[in-house]
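Model the full structure from these sequences, guided by the hints.
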Amino acid sequence: GENVEQHPSTLSVQEGDSAVIKCTYSDSASNYFPWYKQELGKRPQLIIDIRSNVGEKKDQRIAVTLNKTAKHFSLHITETQPEDSAVYFCAARSAGANNLFFGTGTRLTVIP
Amino acid sequence: NAGVTQTPKFQVLKTGQSMTLQCAQDMNHNSMYWYRQDPGMGLRLIYYSASEGTTDKGEVPNGYNVSRLNKREFSLRLESAAPSQTSVYFCASSVGEGNTEAFFGQGTRLTVV
Chain A
92 GENVEQHPST LSVQEGDSAV IKCTYSDSAS NYFPWYKQEL GKRPQLIIDI RSNVGEKKDQ
152 RIAVTLNKTA KHFSLHITET QPEDSAVYFC AARSAGANNL FFGTGTRLTV IP
Chain B
477 NAGVTQTPKF QVLKTGQSMT LQCAQDMNHN SMYWYRQDPG MGLRLIYYSA SEGTTDKGEV
537 PNGYNVSRLN KREFSLRLES AAPSQTSVYF CASSVGEGNT EAFFGQGTRL TVV
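Chains as they are written, first to last, in the working numbering: chain A, 92 to 203; chain B, 477 to 589.
Bear in mind the hints are in silico, worked out from the structure with no lab data behind them. Be careful, since some hints might not be right.
If you anchor each label on the Cβ, the simulated ranges turn out as follows [as the list claims (entries may be wrong)]: (1) Lys547/B - Lys162/A: 31 to 37 Å; (2) Ser109/A - Ala558/B: 39 to 45 Å; (3) Val111/A - Val571/B: 40 to 46 Å; (4) Thr491/B - Ala186/A: 37 to 43 Å; (5) Lys162/A - Thr483/B: 36 to 42 Å; (6) Pro484/B - Arg198/A: 24 to 30 Å; (7) Lys490/B - Glu130/A: 27 to 33 Å; (8) Gly107/A - Asn504/B: 38 to 44 Å; (9) Asp514/B - Ala161/A: 27 to 33 Å.
Here a beta-carbon is modelled for each residue, glycine too, at the ideal position from N, C-alpha and C.
What follows is the structure, given as structure tokens:
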């Protein structure tokens, strides 16, 4: 099955700086790549996703890029704020599959 | 519209005891999932149900059984709990049929002593 690796496991940035989280996947047939944010003690919630026919997608301060050739995708958060502090998970879905494979998560801390 | 609702929120079991985690969604989704979340391991799929009447094993199915009771409800059963099953369990649902945006329940923190 699909194998998703995520780096770094922890990330600390100063408020206002940018944060980048990277993921790689193993199955070249994967075609859907969502990112989830999980605040402490809460449920994971979708923040942005990208499909394999698109190279980049933006939503206000967050963006995701996809490099199908290299099989990696990244989450970019600009102008970070303390409320961005959370654990972020990337995921991938293989074509024809009905479930997501998750990375191991990145704990982002934004220092005021 | 409650989304995905799980019960209970917390549970402590003794080794060997059994229990069922309940999950219900009111979004008319076709697909439902059970994940476990362990520190440093991310979210790992236990079982899923692509549609009413079907269930399939995920990455870590050993020690668990599931029942898709109807379109709304998908339960997870531990027949003989083991300390290795101490985890946070999340139920999720999605529209299915190629749309896998998953909506999660609030989680169940299970401790097996």
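Hint by hint, here is what the structure shows:
no.: 1; hint: Lys547/B - Lys162/A: 31 to 37 Å; result: holds (35 Å)
no.: 2; hint: Ser109/A - Ala558/B: 39 to 45 Å; result: holds (43 Å)
no.: 3; hint: Val111/A - Val571/B: 40 to 46 Å; result: violated (30 Å)
no.: 4; hint: Thr491/B - Ala186/A: 37 to 43 Å; result: holds (41 Å)
no.: 5; hint: Lys162/A - Thr483/B: 36 to 42 Å; result: holds (39 Å)
no.: 6; hint: Pro484/B - Arg198/A: 24 to 30 Å; result: holds (27 Å)
no.: 7; hint: Lys490/B - Glu130/A: 27 to 33 Å; result: holds (32 Å)
no.: 8; hint: Gly107/A - Asn504/B: 38 to 44 Å; result: holds (42 Å)
no.: 9; hint: Asp514/B - Ala161/A: 27 to 33 Å; result: holds (29 Å)
The structure is inconsistent with hint 3 alone, although it conforms to all the rest.
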